[in-house]
Structures are given as structure tokens and as C-alpha cells.
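> Top to bottom, those sequences are chains D and H.
Just so we're aligned, residue 1 is where the first sequence starts under the numbering used here, counting upward by one.
Just so we're aligned, residue 301 is where the second sequence starts under the numbering used here, counting upward by one.
Just so you know, the hints here were simulated from the structure itself, not pulled from any lab data.
Incorrect hints may appear among the rest.
[What the hints assert, rightly or not] Straight line, CA to CA, 25 Å or less: simulated DSS-like cross-link-like pairs of lysine-lysine:
{"#": "1", "chain 1": "H", "residue 1": "Lys503", "chain 2": "H", "residue 2": "Lys311"}
{"#": "2", "chain 1": "D", "residue 1": "Lys203", "chain 2": "D", "residue 2": "Lys191"}
{"#": "3", "chain 1": "D", "residue 1": "Lys248", "chain 2": "H", "residue 2": "Lys372"}
{"#": "4", "chain 1": "H", "residue 1": "Lys373", "chain 2": "D", "residue 2": "Lys73"}
{"#": "5", "chain 1": "H", "residue 1": "Lys527", "chain 2": "D", "residue 2": "Lys227"}
{"#": "6", "chain 1": "H", "residue 1": "Lys548", "chain 2": "D", "residue 2": "Lys72"}
{"#": "7", "chain 1": "D", "residue 1": "Lys291", "chain 2": "H", "residue 2": "Lys548"}
{"#": "8", "chain 1": "H", "residue 1": "Lys526", "chain 2": "D", "residue 2": "Lys226"}
{"#": "9", "chain 1": "H", "residue 1": "Lys578", "chain 2": "H", "residue 2": "Lys590"}
Number of protein chains: 2
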Amino acid sequence: MRELIQSEFKKLQEFICSQLEIFDGQGKFQMDDWSREEGGGGRTNTLVNGRLIEKGGVAFSAVHGAVTDDMKKQLGTTGNSFFATGVSIVLHPNSPHIPIIHMNVRYFELDNGTYWFGGGIDLTPHYISLKRAALFHEKLKEICDSVDESFYPTFKKWADDYFFIGHRNETRGVGGIFFDHQSHANTSLSKEQIFNFCLTLGKAFPFIYQTQMELGKDESVTEDQKKWQMLRRGRYVEFNLVHDRGTKFGLVSGGRTESILLSMPPVANWEYDFKPEKHSPEEFTINQLKKGIDWLSNGK
Amino acid sequence: MRELIQSEFKKLQEFICSQLEIFDGQGKFQMDDWSREEGGGGRTNTLVNGRLIEKGGVAFSAVHGAVTDDMKKQLGTTGNSFFATGVSIVLHPNSPHIPIIHMNVRYFELDNGTYWFGGGIDLTPHYISLKRAALFHEKLKEICDSVDESFYPTFKKWADDYFFIGHRNETRGVGGIFFDHQSHANTSLSKEQIFNFCLTLGKAFPFIYQTQMELGKDESVTEDQKKWQMLRRGRYVEFNLVHDRGTKFGLVSGGRTESILLSMPPVANWEYDFKPEKHSPEEFTINQLKKGIDWLSNGK
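Construct the complete structure from the given sequences, taking the supplied hints into account.
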């Protein structure tokens, strides 16, 4: 089944890129094929200076090799060789009124028969709109509910906990869903069904983002809003480099740095102890960056 | 002796800020006093939009409290309460022809009688000049040699190993000196002498940087050079957030985030798989970002 998963993930990358190019209407993805000595490789697609997307990365990889001591420690596993394939996306828009978005679906397999799927989607608005956050969560709930009604509440909480910037005591954005180590052993689904769930999520991704792009693209942008966007991108960098387990594991385990750091924004700013004005949309946003918010009800 | 160290470090902060203001000729430091619930506090001085310095931070702190389980694990110690004081500096200049510089001196003491000093200075040129790197290292060697001739070679190697961006296989810059856990038990010096060494280093810092500022400030700057500077600042962010033990320990142990992340540049850029042109000064710089370079000889 691994060949099927790999080839479907590769097709998913192509599908997502072609949809995003249509919605953007200007930017084109550049493909970069790479291979790694230890086995396997990938294709890293990047789009810069689009009409709506300032910098976007859609990466596919399928790698295999020996399980290193580091991996054994991290995974607590007894396998000797592994296979891993996935699609990872981060999009940084031009406008502060369009959110940053991230999506990932991945499959991991060991020679001892163990396998699991993981993934997630989360949204990082520079300015939080309760209505738009609700639209986003409604769509995720719909996809989750179509396979198992326990998924959305479980994976929504998992996202709140995962996409959390501890040293800022802030969530990265309005969350979304996150899941890991999913196999027939710990879900109601068969391997095929979990795989199909990942694919459904991946195929819905461009349309989920299209909604957010459409809603934000015509709003006018002030200089102060641009500045705020750059500061929020700084927080995105902090999350990815300090807290994101995928990024950290990739960087210390000899992963391909340029593909891992595709998530970095084109430009980010830092300012000492910046405090938004009282009762401003910036302050409203900060106040919403909390775990456990019920975006579905709040947006009504 | 802890009161003396604390008050001398505080004076050192004032001295460095006043010298930097004189050299910059335009920027003024803003002071921000803070305290922490668990005990102690600090003063964080920041300068933005100077003539030569775009963003600079000079932080003093003196904190005390109970040794937490995290610290016990990290330090391998049996003490119950600690005291720590230090001065930390990172300066990001406007011009890509002036290097980023970092300096730190610190003192740590436990209630069981254990203490140590640590610190270092390292230079991160956006464009490496062998001559300017040699001037920098010559001054550090002179200060080291005045107390112990083994210091420079030992601490220079330590800096090469510490200021290394593993996932890029690059040093952060041309290195400098780094030392930690220095006490009368493991050096030729008494406690007073190690302390004086730290003070000498700290007092020399503004003049060391003045030399680098003077040499770079009148060089004209192209758009491509600005772009390169922003990409190198991205690397600086990567080092600090992914590898710097001080930053990581501070962020996970509940340190004051704004003071710890004072080291962040005002603006940083990322571009997928950027490669400098062959035989360009940018390529020359990349090729010099190696451990073990003898800057003293190379600059002759």
C-alpha cells in the first residue's frame, strides 16, 4: 500500500499547487526535485510574489532508510528501517487581512509492520475575525464528522495544545485540527479509511484557503497593519523554530533544511516589548490567542 | 562578593550604553526596569533607529530563587537556591558592512558554595573581511593573554563549537571567544581575577565594536547587499532560536521572553534555497563560515 500512498500524496501536491495558482491568478510554483543519499527524495514547490500569496511552499517527500539511534529514542520503536511520505504546506499572504495557513498530511511505516498517519491544518490570522474563524472550523468539523464524530473535538483540542507558543503564552492562531500516530489500532477506521481521511483533508485544503483569501483580499491595508503583520510573522518564526516538533526533529536529524524551513515567512520583524493599543483590533487578536475557544459558537 | 559583582555588572551596562551612544551619535537607549515574582529583576536597555545601530539591546539582570527540577537536571547540581547576574548585548547595525556583534558576561552562584563565570564575544559580519576579522581576534587575544595565555586558544575553539548552526553546516560568523563554568577550581585564576577578566572584556567591548563600525560605516550599500544582510539576519534568528543554549533554556524555564529575544533582528528575510553568485563576496563569506579558521594568520 505504500506505493499507493506515495503516489496519491504526490498527486495531491500537484492538485493543491494547480488550485492555488488558479486562485492566486498570478504566481506560479517553481519545482525543485531533490534526492537524499540515505534513500528517497522529494519535490519542493515554491511560489513567490503572487497576487495574493507572497511566499508559499508545498513540499512532497518520500524517504526511507535505517532507523537511527536518535529516531529510536524519539519514537520508542524497535524497527530497523522506515519509510515516510507526506505533503507539507505553509502559505504567507501579501495582505494582513488574509491569514497564514499550514497543512500537513503524512504517513510513516516501519519494517516491523507498525505504521501511522498524522497531519493537520491550522490557521494563523494576523487579525482574528470570529466569523472567518468559524467558517474555517465548520469546514474542518464537516470533514471530520463524515468519518468519525469524535475526530473534530479530539483533533481540535490536539491542535490547541500543539500550536501553542509557550514562551508567549499565546496560541499560534485560531487553531484547527492536529492528529498523529493514527492507525487501525487506535481509531474506528481501517488503514484505507484513515488514508482517505488524509486525502479528503488535503483535497479540501485549497478551497478552505480560497474562502479566507476571498474574504480578505479586497480590504485596504494601512502601514500600521503591515507592521503588525510583520510582528505576527515573527511569532510564527518563533513557534516553528522553538516549539514545532516536526521542525526541530527535522533540523537535528539531518533532514533537508531548505524544505523544512520552507515555512519561514519572506520577511519578519521584531520590536522590543510591542504592546497594541487598548481596544484595537490588534489587542482583540491577542486576547483571542487562547486554548479552548469554541470557534463554532463564537462565530455565530 | 555577589553584591560587588552585581553592582559592577550594572555599572558595566551603563558604561557600554553611554559609549555606544557616543559612537552612534544619534540613537539613545531607552531603559526598561522589570522585576520577577520569584526574586530579582533587571534593566533592559534598547536603542532603535540610530545612525549606525538599527536595533541594539544591552540587558542587565540579577535574579535569585529556588533551584527548580529543570535546573537541577540541566546543571547537575545539588544546590537549593541560586543567584545569577549578567550583562548581555546584541547589536544589529543598519549597514551590511558593519557586523552584528554579541557579548555576554555572567556569574552564577549556588547556596552550596559553588559558583562560576561565563561569557563571550562573537562577531557576525554580513560580509567577511579577513583584515577586520583579524583585528577583532587580535584584540580578544590581547585581553586573554593578559591573564592566561591558554585562554585565547581554548576559548576561541569553544566559540567555534558553540556559535555553530548545525542544520546549515555554517558557523554564525567569524567566532570570537566563549567560556563557561570558570571558577578558581578549573583555571589558574582566583575568583577576583576571573571576575576582573569578565569586566575587562566588557569594558573593551564598545571599543572593539567601534573599530568595526568605523571601518564599515562609509561603504556604499546596494540593494543586493541589503537583501543579503536580511538573509544573514535570518540565519542569526535560526541560530538563536534553534541552537543557542542560553536562549532555549531561558524560554523553556520561564525567563523573561522580551529580554531573551532582545537578540532578534528588527527585520529578517528568508528565501528558498538562495545561492550566492560564483566568486561573489557573498560566496566568499559563506566559504569562510567554518570552524577552526586561524583568523590571526589569515588577516596578515
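> With reference to the structure, classify each hint as holding or not holding.
Hint by hint, here is what the structure shows:
1. H:Lys503 - H:Lys311: Holds - the C-alpha atoms of Lys311 of chain H and Lys503 of chain H are around 10 Å apart, at most 25 Å.
2. D:Lys203 - D:Lys191: It holds: about 18 Å lies between the C-alpha atoms, which stays within 25 Å.
3. D:Lys248 - H:Lys372: The given pair, whose Cα atoms are some 24 Å apart, holds under the 25 Å limit.
4. H:Lys373 - D:Lys73: 18 Å, holds
5. H:Lys527 - D:Lys227: 19 Å, holds
6. H:Lys548 - D:Lys72: Given pair Lys548 of chain H, Lys72 of chain D holds - Cα atoms ~24 Å apart, limit 25 Å.
7. D:Lys291 - H:Lys548: 23 Å, holds
8. H:Lys526 - D:Lys226: Distance of about 20 Å is within 25 Å: holds.
9. H:Lys578 - H:Lys590: Holds. Lys578 of chain H to Lys590 of chain H sits at ~18 Å (cutoff 25 Å).
Every hint from the earlier list agrees with this structure, and none is contradicted.
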